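As you go down the protein sequences, you meet chains A and B in turn. Here the numbering used here is used: position 93 in the first sequence is 93, and no number is missing along the way. Convert by adding 1000 to the 1-based position in the second sequence; the result is the number in the numbering used here.
In short, the hints are calculated from the structure, not lab data. Quick caveat, the model's predicted, so the values are computed rather than measured. Glycine residues also receive a C-beta, built at the ideal position from the N, C-alpha and C atoms. Be careful, since some hints might not be right.
[As the list claims (entries may be wrong)] Covered, in the sense of this in silico footprint (three residues per stretch, anywhere, with C-beta under 8 Å from a C-beta of chain A), are these stretches of chain B:
| # | region |
| --- | --- |
| 1 | 1006–1012 |
| 2 | 1024–1031 |
[Claimed, not checked] Selected chain B positions facing chain A (Cβ under 10 Å, derived; list incomplete):
| # | residue |
| --- | --- |
| 3 | Gln1035 |
| 4 | Asp1038 |
| 5 | Ile1040 |
| 6 | Met1060 |
| 7 | Ile1063 |
| 8 | Lys1064 |
| 9 | Ser1066 |
| 10 | Gln1070 |
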Amino acid sequence: MSDKTDVWQGTLALMVLKTLDALGEQHGYGIARRIEQTSGDLLSINQGTLYPVLLRLEQEGSITAEWGVSENNRRARFYRITKRGRKELAAEEREWQKTSEIIARFSALGEESK
Amino acid sequence: MKSLRRLVQQARGSLFRRRRETELTDELQRHLELQTEDNIRAGMTSEQARRAAVLKFGGMDSIKESYRGQRGLPLLEDFSSDLHYAVRQLRRSRGFVFTVVLTLALGIGANTALFSVVNALLLRSLPFKDANRLIYVSEVWPHEPPVRFPPSPDFNKWRLRGQTFDRLEAYGGGGVMTLTGNGQPERVEGTTVTGGFLDMLGVQPMLGRNFLPEEDRPGGAPVVILGNRFWQRRFGADRNIVGKAIELNGRARTVVGVLPGGFVFPDNGYRENILVPMGLSPDPDWHENTFALVRTLAHLKPGVTPETLRGEFAGIVQSGASQEPPQFITMRKDMQVVVTPFVNGSLAM
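Build out the structure end to end from the sequences listed, making use of the hints.
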């Protein structure tokens, strides 16, 4: 487990939004599992980070939460992305795209000089 | 916007603290169960599965702690517990609390009583007669910054043709005049008023009389009414001042009256030092040499609403619009008449 990367602050919110955008409704555990799976189990989601992020997104109105019944008939709190959340997601994705392009260019710089 | 929304949610969080707390425990518990089930499916014994789940989860309490920190407003919650603490402490020392409260109550009470007396005697402005039937009339020209003073041709047209008021009076924008003779020359603030202005407001001079209609004509007799404070300061409250002449802007004017103390102008609360008759030409046409901007007050006929007068005045202005000089027609296009009633005896502007 020690070789797994911790999620950086800020990127987790983006992953949560993207996951909810793709999956529709999901409870906290489901979101965490899905993110870990998507990362090819390279990431380990620390619950101590996940729930505060969910709360912040809820407070900002990017997601809503509601109590419902899970697959095996048990009560769970289900999260769902809102319209505002989709907008936020699009903006964050653009921002992230830009950042990774910039980093990619800097990496290329090193390779040229070799 | 985003942060404002969050603040509101956090305030709510502080209010519904207990409910959310149980919900969170439920939610985290549920998370733990799902993880355990998955672990069992992956082949662990139920004991191992549970252990692994708890290990991965991290400390339940530390999660709750960080969650609480951002869910509510710590300041608000701290304040509330401080308040509870303070109340408990005060309850323990009743004698002390009683003394302090009594001292404060007496102090505040005495202050309020004293202020009420001073306010009534010295500070409050003079009430106007029939203030509920007085309204201030202004015009708003859409292409210009708001002007509260209608032009004199409109004022004259309203006076000629209006049926909704029993008096329509005006006063000028104020100005500074130079007083000479009898000691140091002095710049004094004054304003022009139409002949019936003071009478409409129910203001009787403390000494002497109001202006006469014939004094308020172009080329009328040079007369002046003195403000109360100015009279006290400059003329040592001379009770024989009426009938004497003073020199304003190099011209002798006869003092015909002195205003009562406490008189202030309704729209700006000024206590002018000097009032002189406006001497406005009654000409309803636009001439450069008689044109003036005048602050206008109407005294409604019984049963007439301010809105009725506004409608009538707007109609009168519209009907004469085509005879205005071209430069005014453009400026005054879409012009609106605005009326402001008095509330509690003063203008609600």
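Status of each hint after checking the structure:
1. 1006–1012: With 3 residues in contact (Cβ-Cβ under 8 Å with chain A), the coverage given for the region 1006–1012 of chain B holds.
2. 1024–1031: Per the Cβ count (6), the hint holds.
3. Gln1035: holds (6 Å)
4. Asp1038: At about 7 Å, which falls below the 10 Å cut-off, the nearest Cβ of chain A leaves the hint on Asp1038 of chain B intact, so it holds.
5. Ile1040: Not OK, violated: Ile1040 of chain B not within 10 Å of chain A, min 13 Å.
6. Met1060: holds (9 Å)
7. Ile1063: holds (5 Å)
8. Lys1064: Check passed: Cβ of Lys1064 of chain B comes within 9 Å of chain A, closer than 10 Å.
9. Ser1066: holds (5 Å)
10. Gln1070: holds (6 Å)
When the structure is compared with the earlier hints, a violation turns up for hint 5 alone.
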